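Visitor: The residues making up each chain are set out below.
There are 2 protein chains.
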Amino acid sequence: MTVILTPPLMTFQPYLDAVSKQINHTTYGEQPTELYEPIRYIMSLGGKRLRPLLTVLAAHLFTDDWRKALKPSVAVEVFHNFTLMHDDIMDQAPLRRGKPTVHEKWNANIAILSGDVMLVNAYELLLETAPQHLPRVIRRFNRTAAEVCEGQQWDMNFELRSDVTQDEYINMIRLKTSVLLGFAMELGAIIGGADDTQAQALYDAGVNMGLGFQLKDDILDVYGDPEKFGKQVGGDIIANKKTFLLIEALQQATGDTQQALNHWLSLPQGTYDTATKVAAVTDIYNQLGIDKIAEANAEAYFAKGFEALEKLPVPKDRKQPLLDFAAYLAGRES
Amino acid sequence: MTVILTPPLMTFQPYLDAVSKQINHTTYGEQPTELYEPIRYIMSLGGKRLRPLLTVLAAHLFTDDWRKALKPSVAVEVFHNFTLMHDDIMDQAPLRRGKPTVHEKWNANIAILSGDVMLVNAYELLLETAPQHLPRVIRRFNRTAAEVCEGQQWDMNFELRSDVTQDEYINMIRLKTSVLLGFAMELGAIIGGADDTQAQALYDAGVNMGLGFQLKDDILDVYGDPEKFGKQVGGDIIANKKTFLLIEALQQATGDTQQALNHWLSLPQGTYDTATKVAAVTDIYNQLGIDKIAEANAEAYFAKGFEALEKLPVPKDRKQPLLDFAAYLAGRES
Numbered sequence: 001m002t003v004i005l006t007p008p009l010m011t012f013q014p015y016l017d018a019v020s021k022q023i024n025h026t027t028y029g030e031q032p033t034e035l036y037e038p039i040r041y042i043m044s045l046g047g048k049r050l051r052p053l054l055t056v057l058a059a060h061l062f063t064d065d066w067r068k069a070l071k072p073s074v075a076v077e078v079f080h081n082f083t084l085m086h087d088d089i090m091d092q093a094p095l096r097r098g099k100p101t102v103h104e105k106w107n108a109n110i111a112i113l114s115g116d117v118m119l120v121n122a123y124e125l126l127l128e129t130a131p132q133h134l135p136r137v138i139r140r141f142n143r144t145a146a147e148v149c150e151g152q153q154w155d156m157n158f159e160l161r162s163d164v165t166q167d168e169y170i171n172m173i174r175l176k177t178s179v180l181l182g183f184a185m186e187l188g189a190i191i192g193g194a195d196d197t198q199a200q201a202l203y204d205a206g207v208n209m210g211l212g213f214q215l216k217d218d219i220l221d222v223y224g225d226p227e228k229f230g231k232q233v234g235g236d237i238i239a240n241k242k243t244f245l246l247i248e249a250l251q252q253a254t255g256d257t258q259q260a261l262n263h264w265l266s267l268p269q270g271t272y273d274t275a276t277k278v279a280a281v282t283d284i285y286n287q288l289g290i291d292k293i294a295e296a297n298a299e300a301y302f303a304k305g306f307e308a309l310e311k312l313p314v315p316k317d318r319k320q321p322l323l324d325f326a327a328y329l330a331g332r333e334s
Numbered sequence: 335m336t337v338i339l340t341p342p343l344m345t346f347q348p349y350l351d352a353v354s355k356q357i358n359h360t361t362y363g364e365q366p367t368e369l370y371e372p373i374r375y376i377m378s379l380g381g382k383r384l385r386p387l388l389t390v391l392a393a394h395l396f397t398d399d400w401r402k403a404l405k406p407s408v409a410v411e412v413f414h415n416f417t418l419m420h421d422d423i424m425d426q427a428p429l430r431r432g433k434p435t436v437h438e439k440w441n442a443n444i445a446i447l448s449g450d451v452m453l454v455n456a457y458e459l460l461l462e463t464a465p466q467h468l469p470r471v472i473r474r475f476n477r478t479a480a481e482v483c484e485g486q487q488w489d490m491n492f493e494l495r496s497d498v499t500q501d502e503y504i505n506m507i508r509l510k511t512s513v514l515l516g517f518a519m520e521l522g523a524i525i526g527g528a529d530d531t532q533a534q535a536l537y538d539a540g541v542n543m544g545l546g547f548q549l550k551d552d553i554l555d556v557y558g559d560p561e562k563f564g565k566q567v568g569g570d571i572i573a574n575k576k577t578f579l580l581i582e583a584l585q586q587a588t589g590d591t592q593q594a595l596n597h598w599l600s601l602p603q604g605t606y607d608t609a610t611k612v613a614a615v616t617d618i619y620n621q622l623g624i625d626k627i628a629e630a631n632a633e634a635y636f637a638k639g640f641e642a643l644e645k646l647p648v649p650k651d652r653k654q655p656l657l658d659f660a661a662y663l664a665g666r667e668s
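If you read the sequences in order, they're chains R and Z.
Mapping of the first sequence onto the working numbering: residues 1 to 334, in sequence order.
Mapping of the second sequence onto the working numbering: residues 335 to 668, in sequence order.
Treat the hints with caution; some may be incorrect.
[Unchecked claim] Label pairs and their computed distance ranges (CB to CB):
(1) T257/R / A573/Z: 15 to 25 Å
(2) K382/Z / K311/R: 30 to 40 Å
(3) P434/Z / P14/R: 28 to 38 Å
(4) P94/R / L379/Z: 29 to 39 Å
(5) A260/R / G569/Z: 52 to 62 Å
(6) L429/Z / P14/R: 50 to 60 Å
These aren't lab readings, by the way, just hints derived from the structure by calculation.
Note that this is a predicted model, so its numbers are computed, not measured.
By construction, the Cβ of each residue, glycine as well, lies at the ideal position given by its N, Cα and C atoms.
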């Protein structure tokens, strides 16, 4: 994978439109409104819908009738938003996609309970897969869901530690982020009629793309264009968040650079100018070539994902929308 | 159903022993320990294990091989304990079965996330049912799980209202407590090979027993023997909790009695002697005959449950353990 110089063809757009429409038509329940209104709210905040899109594109590899993956694909998006609703309580996050989080707009109790119902709703949407696939789909979803929770717990544990290694970090983001992209693709493959080997190949491809996706996120948080990036650029630096970049920098830095980095990390919130800290730490990253190391790692994960997709014994034209979407993810600037 | 004068035969004991053993042998996951230790903790606090017992006893109605219901029966107990873990956060409860709650012993974030994994674990345990039953079992469990969350939300809503009717209260406890007892019995019936009509009859019986069970709980909270009742007697009165008894009293009371009751309800926490309040409100209940009305209602629900069980076209000896357990629940003093 090298840098994308031209935007990939948007051959995946019709599938994304179908996914968005399906999400907009999904209902969750009515009464009591305190329970169901937050679900409609968080689902309406948008997002890239990349997980259900991966499900549908993976199904399309194996069947013309990819539309039968639409309803189950929404399960993945609902599950993802359930994790956001609960993570936002744990992280005390005030905003999600620029809007108040559910525990801010309502309260923490409502965010806990609405999230619980969303997890149940995700299982209900998975019931839209054919009965012969159901035991396998539920078993794989259960494993994935537990792993996502494990990833979140590791992430919280890491906040209290200063000796997190790159291997530990990669394992954490694999659990917290990547396995769900892997499951999204595996789900589509199963629905499309893939055999076990093919389904596993798509899972692996999804996990690798997920790792590349998260590293890209870490990079964009520092190097993203504020005009295009949805979040505050430098947010991770201000919060001392242990990202791939910071862990790598802590490992590489020596002498004065090490001292300067540790100095910025040691300052209590509110005792420094945030823009100065972001500029200083970014400068350290640049000196150490952290941006290039991170880019190379992200690209390597995406390349592994691409390779797995290209190896699949499936006609090229069936693959094109998925390959284009993978290229879009790898080259994204927001 | 009249008052039980002699304790029912404990013909259900071997089934309860098998359920307890199965729960003790259930594993939930290992790493990170912060995620899985709270699950082992709350599951080790005990409880009556009445829900999985109902599953196994219902299966026994239809099959000699009731042991195949053991693993799935644990799903119901794990789900129940998941709701306790999350409800305790919402209710800021310090104690559960006399021991610190999970959010007290660890913290709220860990209680949220461990609870989430417990819900996933419940689905994993449901996968132990035969594949041909799985779509139906998952669909019915989803409905039940969503309803239990709805019940909890209504319960929280009712705390902020002073005009809750008895119909609303019964509907709330139906959702929060009874449907899970109904599902527990329906699950056992499905696993045992019952047809749809029989499974529905067991669900209905379970719901009615659940309503009787919760009214009995409301009664025991006021009239229970402190030596036998696990919780503080009078806790609901101190907290102004809108139980069947209080709602009935508010509806029945007139004149001085009404004034006295409203006076006790209006006093802010800490401005009165709790024992005096408990004695005074209990006295009002006695004057109005609330205890007898509540007992009659609890008995009527249990009677409906019994009737449904007795009508089932199943040999009497198959029913005996379940009938004995139902009698035990109806007559319980703790």
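Visitor: Do the Cβ positions of L429/Z and P14/R conform to the proposed distance bound of 50 to 60 Å?
Guide: 56 Å, holds
Visitor: Does the hinted range 28 to 38 Å hold for P434/Z and P14/R at CB?
Guide: Since the Cβ atoms of P434/Z and P14/R sit about 55 Å apart, the hinted range of 28 to 38 Å is violated.
Visitor: Could you say whether the range 15 to 25 Å given as a hint is met by the Cβ separation of T257/R and A573/Z?
Guide: The hint (15 to 25 Å, Cβ to Cβ) is violated, given that T257/R and A573/Z are roughly 59 Å apart.
Visitor: Using the Cβ atoms, figure out if A260/R sits within 52 to 62 Å of G569/Z.
Guide: Given about 58 Å between the Cβ atoms, the range holds.
Visitor: Holds or violated: 30 to 40 Å for the Cβ distance of K382/Z and K311/R?
Guide: 55 Å, violated
Visitor: I want to verify a distance hint. Is the separation of the beta carbons of P94/R and L379/Z within 29 to 39 Å?
Guide: 35 Å, holds
Hint violations for this structure: numbers 1, 2, 3, all remaining hints satisfied.
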